[in-house]
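Peer 1: Fit chain D to the supplied structure of chain A, relying on the hints for placement.
2 protein chains.
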Amino acid sequence: MSLLIIGTMAFDALETPFGKVDRIIGGSATYAAWAASNFTQPIKQVSIIGGDFPQEEIAALEARGVAFEGVEVVPDGKSFFWSGRYHMDMNTRDTLVTDLNVLAQFDPKIPESYQGCDYVMLGNLAPAVQISVLEQLKKRPKLIIMDTMNFWMDIAMDDLRKAIGMVDLLMVNDSEARQLSGEYSIVKAAKKIQAMGPKYLIIKKGEHGALLFYEGKIFSAPALPLEEVFDPTGAGDTFAGGFIGYLARINDTSFESMKAAVIMGSAMASYCVEKFGPTRMKELTPADVDSRVKEFISLMDFNIQN
Amino acid sequence: MSLLIIGTMAFDALETPFGKVDRIIGGSATYAAWAASNFTQPIKQVSIIGGDFPQEEIAALEARGVAFEGVEVVPDGKSFFWSGRYHMDMNTRDTLVTDLNVLAQFDPKIPESYQGCDYVMLGNLAPAVQISVLEQLKKRPKLIIMDTMNFWMDIAMDDLRKAIGMVDLLMVNDSEARQLSGEYSIVKAAKKIQAMGPKYLIIKKGEHGALLFYEGKIFSAPALPLEEVFDPTGAGDTFAGGFIGYLARINDTSFESMKAAVIMGSAMASYCVEKFGPTRMKELTPADVDSRVKEFISLMDFNIQN
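Quick note, the sequences are listed as chains A and D, same order. Residues in the first sequence are numbered consecutively from 26, following our numbering. Residues in the second sequence are numbered consecutively from 26, following our numbering.
So here's chain A without its partners, still in its complex pose (with noise of 0.2 Å):
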């Protein structure tokens, strides 16, 4: 089913403890569309990128079946920039420098050939960007996922408050769910994030994995344990494409459904940090995909015997 991913493209500046890149492809709707485009294709993606944007990465996405005609470039602009340093736990990590660039002036328009999309996800942006997206769609989504982050919360808190009631899952990690609802309790914190309106939330626990939240449900999914985290950018994004990329192939959005796209989500995400940046996400085959998952069942596979 259709596919459309809002979100940014952008260039990343990363340290990490196994060495440094000074300026490598990023951006939340890149890393989506890179896992998704393992699942369905095409995928209608939404961005605004500058002239430096690589001609080369654009013929990549547009080769995984990504349409451009909503992702707008400013020729004489600059994309989006953000440079961060991981520590050793890979879990913790400084901003270093944020530059908007393009993204500051970034007020996407949806083309008529985007409409009708059944699946849509939202990826980290300002939530007036993520509303606007949402009241430009001609009919309602099937599914409408959204990521955030704990800046919108301190500097947009009602405008977030209203995206998130217009969605039917939203995506945090464990320290914003906690900002988010004010309670520690990760179980009372979900609570009363449902009660702001989505159906489902899914609370990221980086090394530690997943809980997918519905009604009084949960369902808690593993990180693959791995030798080394070498990179954790874009895991997160990479996650959400391919839960939702997963989701649109099936094209089905019940519990059960999302408890298996949480695990092709995982997938994903521990292809995602095994390199930097998004270099091992343009690699994936169809059979690594397969033996990705294989790993995950094998990992949570056991039988009770009385």
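Hint data in this document are derived by calculation from the structure and do not stem from the laboratory. Some clues are possibly wrong.
Any copy, or any two copies together, can satisfy a pair, since identical chains are not distinguished.
Listed next, the in silico DSSO-like pairs over lysine-lysine satisfying Cα-Cα at most 27 Å (straight line) [to be verified]:
1) K187 to K300
2) K217 to K230
3) K163 to K187
4) K167 to K103
5) K217 to K319
6) K242 to K284
7) K230 to K319
8) K217 to K284
9) K242 to K134
10) K216 to K319
These numbers were taken from a predicted model, which means no experiment stands behind them.
Peer 2: Positioned in the frame of chain A, the structure of chain D alone reads:
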């Protein structure tokens, strides 16, 4: 099958964000015995207590099939006492008081009636004491599991290495695994620890569950997401008791059975933390155990469709 548990039987004073208790029954062997007795009886307990250890606590354990022949009573001595305070995240705690009391003179003698045990749990104790117990066993047990803590890594690393080399399974938390191995990555840490002797390794991650390592394979069990972790004291010992109690019941030490045993241990631990001390463990019925195990199955269950 016959199960031997060695560890402390003690008094604890506890402070958590939910309240405090000045003097409650505790100790690794106490928690382990309560948990294991849900699966197998009798349990051959080895410990040391003072004359102050309550007769009704002994009677309650005896009623659960716990043998006391190997528990030394020092009539004019005081039982081991530990006092600690937990922080909001419940994963970190400060030790306020450690009074060894009779534990300082603990030199366990294994009674003749305890010989021939197939399943042995070495609770957290001085490694020299753990070694002494193993050296007294005339027949090599089918399974020896061992718990320890960072304290022994700091002051008795040679003995600890020797003890670890004598057991089939070591159980530590993630920070202890890092300290013991000198590796930050949990997967690398596991390899190094397995190279020290134990074929099996369990790394406990508190609210994030536990990982079981065997040869190149990994099993990941979640913790049950709870609204409130009231008191985490004894959760690790309860996990260990449920784990080995289940294996003793089914009398199997394959990797497949150990995976199920991790779930049993996790189910027991999820009950333990609901109330102060072992209070909740004393109330458990077989129906409680069954229903909590079903919650774990549901928490981890998913199916992929293509």
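Peer 1: So, for every hint listed, does it hold in this structure?
Peer 2: Consistency of the hints with the structure:
Taking the closest pair of Cα atoms, K187 and K300 never come within 27 Å of each other, the shortest separation being 36 Å inside a single copy and 39 Å across copies. Taking identical chains as interchangeable, the C-alpha atoms of K217 and K230 lie at most 27 Å apart whether they share a chain (18 Å) or sit on different chains (26 Å). Within a single copy, K163 and K187 get their C-alpha atoms as close as 19 Å, which meets the 27 Å cut-off; across copies the closest is 70 Å, which misses it. Taking the closest pair of Cα atoms, K167 and K103 never come within 27 Å of each other, the shortest separation being 35 Å inside a single copy and 67 Å across copies.
When the C-alpha separation of K217 and K319 is checked against a cutoff of 27 Å, the pair qualifies only between copies, where the shortest distance is 26 Å, while the shortest distance within a copy is 34 Å. Taking CA atoms no more than 27 Å apart as the test, K242 paired with K284 passes in both settings, with 11 Å inside one copy and 23 Å between copies. Proximity of K230 and K319 under a CA criterion of 27 Å is satisfied in both settings, with 21 Å inside one chain copy and 24 Å between copies. Within a single copy, K217 and K284 get their C-alpha atoms as close as 21 Å, which meets the 27 Å cut-off; across copies the closest is 34 Å, which misses it.
Taking the shortest alpha-carbon separations for K242 and K134, neither the intra-copy value of 37 Å nor the inter-copy value of 49 Å comes in at or below 27 Å. Taking the shortest alpha-carbon separations for K216 and K319, only the inter-copy value of 22 Å comes in at or below 27 Å, while the best intra-copy value is 32 Å.
The structure is inconsistent with the numbered hints 1, 4 and 9, although it conforms to all the rest.
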